[in-house]
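Protein chains in written order, with my numbering: chain A, 26 to 307; chain B, 196 to 461; chain C, 13 to 284.
None of these hints come from the bench; they were simulated from the model.
Computed from a predicted model, the values in this text were never measured in an experiment.
All C-beta atoms, glycine included, are put in the ideal place defined by N, C-alpha and C.
Just to be clear, a hint being listed does not mean it is correct.
Said to hold, decoys possible - If you want a taste of the chain B side facing chain C, the calculated C-beta under 8 Å gives, among others: (1) E245; (2) A380; (3) V384; (4) S385; (5) A388; (6) L391; (7) E392; (8) L393; (9) P446; (10) L450.
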Amino acid sequence: MTTAPSKKCQALFKSAWHSNRLAATGAAVLLVLAAVAVLAPWLAPYDPLAVNLPEALLAPSPAHWLGTDQLGRDVLSRLIFGSRISLLIGFIAVGVAVVVGTVVGLLAGYAGGRLDAILMRVVDTMLAFPSIFLLLAVIAILEPNIYNIMAVIGLTSWMGVARLVRAEILSLKEREFVLAARALGASPLRLMARHLLPNAMGPVLVAATLGVGGAILTESVLSYLGLGVQPPTPSWGNILNEGRVALGVAWWLTLSPGLCILVTVLAFNLLGEGIRDGLARR
Amino acid sequence: MLEPVLAVRSLGKSFPIHGGWLRRETSRIDAVRDVTWSLANGQTLGLVGESGCGKSTLAKLCVGLLSPTAGEVLVAGQHLARLRGAALRAARRIVQMVFQDPTTSLNPRMTVGEMLNEPLLIHRLAPGRAARRRRVAELLELVQLPAGYAGRLPRELSGGERQRVGIARALAVEPAVLICDEPVASLDVSVGARILELLRSLRRRLGMAVLFISHDLGMVASLCERTAVMREGRLVELAPTEQLLTHPAHPYTQLLIRASALDLDA
Amino acid sequence: MALLDVEDLSVAYAGRGERVLAVDRVSLSVEPGEVVALVGESGSGKSTLALALTRLLPSPPAQLHARYVRFDGVDLVTASESQLQRLRGGRIAYVFQDPASSLNPVLTIGEQLREAIERHTDRRGRDADTVALDWLSRVGIPPAQRRLGAYPHEFSGGMQQRVMIAMAMASHPQLLIADEPTSALDVTVQVQILRLLRDLQRRLGLSLLLISHDLLVVQRLAHRTVVLSRGAVVESGPTEQVLQRPAHPYTRSLLEARASMAWQAGEARPDA
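So that you can see chain A by itself, here it is in the shape it has in the complex (with noise of 0.2 Å):
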């Protein structure tokens, strides 16, 4: 009983490599990441929080693969604790937008007409505040925690997913099939639910992978400017903030997030863009 499901999975290996090798790279570095996130206590070689003020700035060595930062703490283990920050700001921030997007996205394509009209123009005025500033703006008026970062970044980027669930519910609705079920006397809630949203999800997943490594850069992008997840929990991004002041010295302490993140988000684009010729295939 059990080698029949496995077996499928191993098939469904096997078909994605070949005819995705992008998207399985991409799948594949995730997998390794998430991995990294949830065995983080079992992977890193120090306390992350530990502070050694005598091996503070030491460059990369047996002892410590990456380096310390200014108060001796072993950046490898730090970034490997970040990831779990990072990754779990991207997940749920994204989780926000997309929850939020596609509410909006339903409503305003099935019911047409004023709603419609109010939600795209709520939709549209959003998308012309800067959203760095309104970013800023609310992380400076509240505190910069690790929800209200997730929240905000999420409330400030369901819009895309918005649009995009609002054109796909359009489109679905003319088709025959809705046609079909509404004329064999589907509820409303019974076609958003069984018909429509299901065949409008898949440009929503593209666009929800792209969306995670873009939620990570601006977490990134917040630490950078101080207002993200304070110290000393660590996070790429503030690794990457706290490196700054010691570019000349301390390389290592950019470099080394810098390129986490830039993996983690290049994994995520060429996991998102995978579907998508994925779902154009099919």
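Let chain A serve as the given structure and place chains B and C on it in line with the hints.
Using the frame of chain A, we list chains B and C on its own:
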């Protein structure tokens, strides 16, 4: 005289055209104009017309997908546009439709079984999972598809098989009237012939009335006792099929007959 | 000598590990002034075959093999790309099914006609426009609509197809390959377009390779008929013979299918 199961009276449908920079309504297009006919239980009526004649709009009006802007659609004597809730649902059990394009008329993310289950759930027919499963198997057998197809997705089916699923879905509620809107236009000739044959045999077996809509006069004529011709939204002629083909009254009907025979020298 | 002589043409697509034959060793010929119909259902390879004749299929996925494909003596399989480009739209012209997607929506019909005329004849500029207007009138476009500055979307489907035919004919082709030229049109318009094709063909001695799934169209226009199924020729011969006394079971099944779906007055009514 029995009350017709489906009738339209002076039915009209117009669509607004929005123009100008404020997108106000500038004019209207009359898709259907003053159409009247009725269909009694078990009868067959064919509706022929070329593109833009309003036949598809008419079909949508008859199943309540569009509301009339003039006149009315009467389902078992009741004004369809005025029905709500349970009454509307009941009307939906009376008139059902088979759509043209089998590729887009099935939800790509639902299995055949789920699609045939849905009307049963909506109308609370065959209560209980076992009863529904039996009914789904019955429906598959009705359209000559193997019972194992219940687990398949539309993309695993051929065009003809998808159209059979579409027919089964419409028949799930045991409608008194089946509207077929160009049911074989998207299919190959040999596949289409088999679908038409299926429709014929279903009619014999279940006795429902059929409104058959097509641009193909020959096809309509081979299936329907009466035939109506539409042009630019209006009903131009309605007569028993044999009479329409041998003694067409209206010049457009005559034109259509000659064109259908591809008479190049007329 | 046949104008078009095809011997053993095959088109294969290399899928993932599989090799699919879209066209399977098809041989056919078209004489000057003859109308040959290629009949088949979807998947029969008829459209692939039409494009393969002038090597219009993108060649990495598609692989072409043939003993020869001779047009007026020249083997198109071995001809150079520049030779083929001169022939395409010139001595061999195409008309496709959907005029809306064959015409460029952002160019006026005048611009598109002029492009065709300047490419394949020696008329230029204003002279080419005169030729264009002449052809628009010859394909039956009424004077009011004969405006070179009009855009394709301003015409109905039937008119668009006439414009396509004008574009194809403007270079005085010897062979016109028409792939389902009327399938997307209303039946009353179909009659007009088919009549136009027939008249042009008769008057100009044009050879026509007509691809269709509609046996009635074939019956009205074609001298000879070739029946394709799954890429291979199953039957070919004079149209009347193929349609009245079909030899192959597939042809018979096509005819039966069509007969069961249509009813002409006077016939016995199939049980409804």
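Check: Was the hint right that B/P446 lines chain C, CB cutoff 8 Å?
Finding: Since the shortest Cβ distance to chain C is 12 Å, the answer is violated.
Margin query: Please check whether B/V384 passes as an interface residue: C-beta within 8 Å of a C-beta belonging to chain C.
Written below: Hint holds; B/V384 Cβ to chain C Cβ min 5 Å, cut 8 Å.
Note to self: Does B/E392 hold up as a contact with chain C if the rule is Cβ-Cβ below 8 Å?
What the structure shows: With a minimum Cβ separation of about 7 Å from chain C (threshold 8 Å), the hint on B/E392 holds.
Check: Does the nearest C-beta of chain C fall within a distance shorter than 8 Å of the C-beta of B/L450?
Finding: At about 6 Å, which falls below the 8 Å cut-off, the nearest Cβ of chain C leaves the hint on B/L450 intact, so it holds.
Next item on the list: Would you settle whether the hint for B/A380 is holds or violated, based on the nearest Cβ-Cβ distance to chain C being less than 8 Å?
Entry: It is violated, given that the least Cβ distance between B/A380 and chain C is near 10 Å, above 8 Å.
Check: Can the hint on B/L391 be confirmed by a CB-to-CB distance to chain C that is less than 8 Å?
Finding: It holds, given that the least Cβ distance between B/L391 and chain C is near 6 Å, below 8 Å.
Check: Can we keep the B/L393 interface hint, with Cβ of chain C closer than 8 Å?
Finding: Hint violated; B/L393 Cβ to chain C Cβ min 12 Å, cut 8 Å.
Item checked: B/A388 as chain C interface residue, shortest Cβ-Cβ below 8 Å -> holds, 4 Å
Margin query: Just to be careful: measuring from the Cβ of B/E245 to every Cβ in chain C, is the smallest value less than 8 Å?
Written below: Holds - the Cβ of B/E245 comes within 8 Å of chain C, reaching about 4 Å at its closest.
Margin query: Does B/S385 hold up as a contact with chain C if the rule is Cβ-Cβ below 8 Å?
Written below: holds, 4 Å
Violated hints, in rising order: 2, 8 and 9; the structure is consistent with all others.
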